[in-house]
Amino acid sequence: MRAFLALPFVALFGLAAWQEPTAATVELELVYLANEGFLVRAGEHSLVIDAFVTEPYGEYAAVPAALFADLLSAKPPFEDIDLALASHAHRDHFQAKPAADFLRARSATRFLSSPQVADELLSELGEHSAAGRIEALLPEARETLAAPAAAVHVELLRLPHTGGARTAEVQNLGHLIELGGVRLLHVGDADIQTEDLAGYALAKRALDVALVPYWWLGNAAGVARARELTGARHLVAVHVPPAEVAAVKAHLAALDPALLLFERSGEVQKLVLAR
Numbered sequence: 001m002r003a004f005l006a007l008p009f010v011a012l013f014g015l016a017a018w019q020e021p022t023a024a025t026v027e028l029e030l031v032y033l034a035n036e037g038f039l040v041r042a043g044e045h046s047l048v049i050d051a052f053v054t055e056p057y058g059e060y061a062a063v064p065a066a067l068f069a070d071l072l073s074a075k076p077p078f079e080d081i082d083l084a085l086a087s088h089a090h091r092d093h094f095q096a097k098p099a100a101d102f103l104r105a106r107s108a109t110r111f112l113s114s115p116q117v118a119d120e121l122l123s124e125l126g127e128h129s130a131a132g133r134i135e136a137l138l139p140e141a142r143e144t145l146a147a148p149a150a151a152v153h154v155e156l157l158r159l160p161h162t163g164g165a166r167t168a169e170v171q172n173l174g175h176l177i178e179l180g181g182v183r184l185l186h187v188g189d190a191d192i193q194t195e196d197l198a199g200y201a202l203a204k205r206a207l208d209v210a211l212v213p214y215w216w217l218g219n220a221a222g223v224a225r226a227r228e229l230t231g232a233r234h235l236v237a238v239h240v241p242p243a244e245v246a247a248v249k250a251h252l253a254a255l256d257p258a259l260l261l262f263e264r265s266g267e268v269q270k271l272v273l274a275r
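Residues in the sequence shown are numbered consecutively from 1, following the numbering used here.
Simulated from the structure, these hints should not be mistaken for lab results. Note that CB positions come from ideal geometry on N, CA and C, so glycine has one too. Any given hint could be a false lead.
[Unchecked claim] Pair by pair, the computed Cβ-Cβ distance ranges are: (1) T194 to G266: 26 to 36 Å; (2) A141 to E27: 28 to 38 Å; (3) K204 to A141: 12 to 22 Å; (4) A250 to A146: 32 to 42 Å.
[Stated by the list, open to error] Pairs of lysine-lysine, BS3-like flavour, derived with a Cα cap of 30 Å: (5) K75 to K97; (6) K249 to K270; (7) K204 to K270; (8) K204 to K249; (9) K270 to K75.
Let the sequences and hints guide you as you build the complete structure.
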């Protein structure tokens with residue numbers, strides 16, 4: 001009788017030992033600033049990109065004064081920022097004065113961008129020691145360039161700016177970012193119609209998130225192309241003018257409910273990603 005009663009226990013013990021462990025996950029935190037500007041945090045590391053816009057530009061937003069003050073003073077969630085990035089020099093993505101204010105205030109943070117952006121920032125900083133933390137890199141067309149080794153890994157892409165010949169001189173950078181076990185793509189104002197983006201074969205990079213201009217996602221074909229080009233598990237529509245947020249949100253929801261959109265500066269979304 002004792003042996004008979006022991007059998008179920010042995011069977012259950014064996015089943016528990018056989019079952020696979022719960023899948024590991026990593027959390028990505030995105031804090032929306034303005035236009036294409038975000039705080040990105042995963043694990044112990046964080047960065048900001050296109051964060052230094054404190055004056056509205058045309059129809060596009062600026063980072064609210066109170067939120068930017070928190071960024072300067074390292075109040076949560078802006079503590080311990082490893083790196084600051086800027087995609088290009090247009091004023092809805094980068095303004096030299098707030099960028100200089102940030103580097104003066106945050107002595108441990110490096111700044112990486114194109115020569116066009118770096119030149120503006122160096123001019124604003126003058127002889128300040130923060131100038132020594134600015135790195136200017138520019139890959140050749142259809143090539144990549146890795147930033148110097150650091151806790152946050154960044155690979156730069158050369159992506160033509162939307163607008164064709166009119167904006168051909170703009171040094172628009174794409175960023176392949178890896179931090180805390182998360183892979184993220186930021187494309188600036190890249191033109192989805194060129195073959196440059198396709199040439200990078202990003203779908204092979206196992207991207208978790210791609211931040212893409214909302215005009216890429218104007219119809220079902222655009223959404224499909226964005227997914228095909230990036231291969232990202234999550235697409236985030238960015239650069240939406242404040243006056244159009246409600247209409248764009250409804251339009252994207254009708255196209256694909258999985259598309260993500262931030263509606264206001266300071267909004268936080270956390271994605272739990274299986275590894």
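Against the structure, the hints:
| no. | hint | verdict |
| --- | --- | --- |
| 1 | T194 to G266: 26 to 36 Å | holds (34 Å) |
| 2 | A141 to E27: 28 to 38 Å | holds (36 Å) |
| 3 | K204 to A141: 12 to 22 Å | holds (20 Å) |
| 4 | A250 to A146: 32 to 42 Å | holds (40 Å) |
| 5 | K75 to K97 | holds (20 Å) |
| 6 | K249 to K270 | holds (19 Å) |
| 7 | K204 to K270 | holds (24 Å) |
| 8 | K204 to K249 | holds (29 Å) |
| 9 | K270 to K75 | holds (19 Å) |
In the structure shown, no violation is registered for any of the earlier numbered hints.
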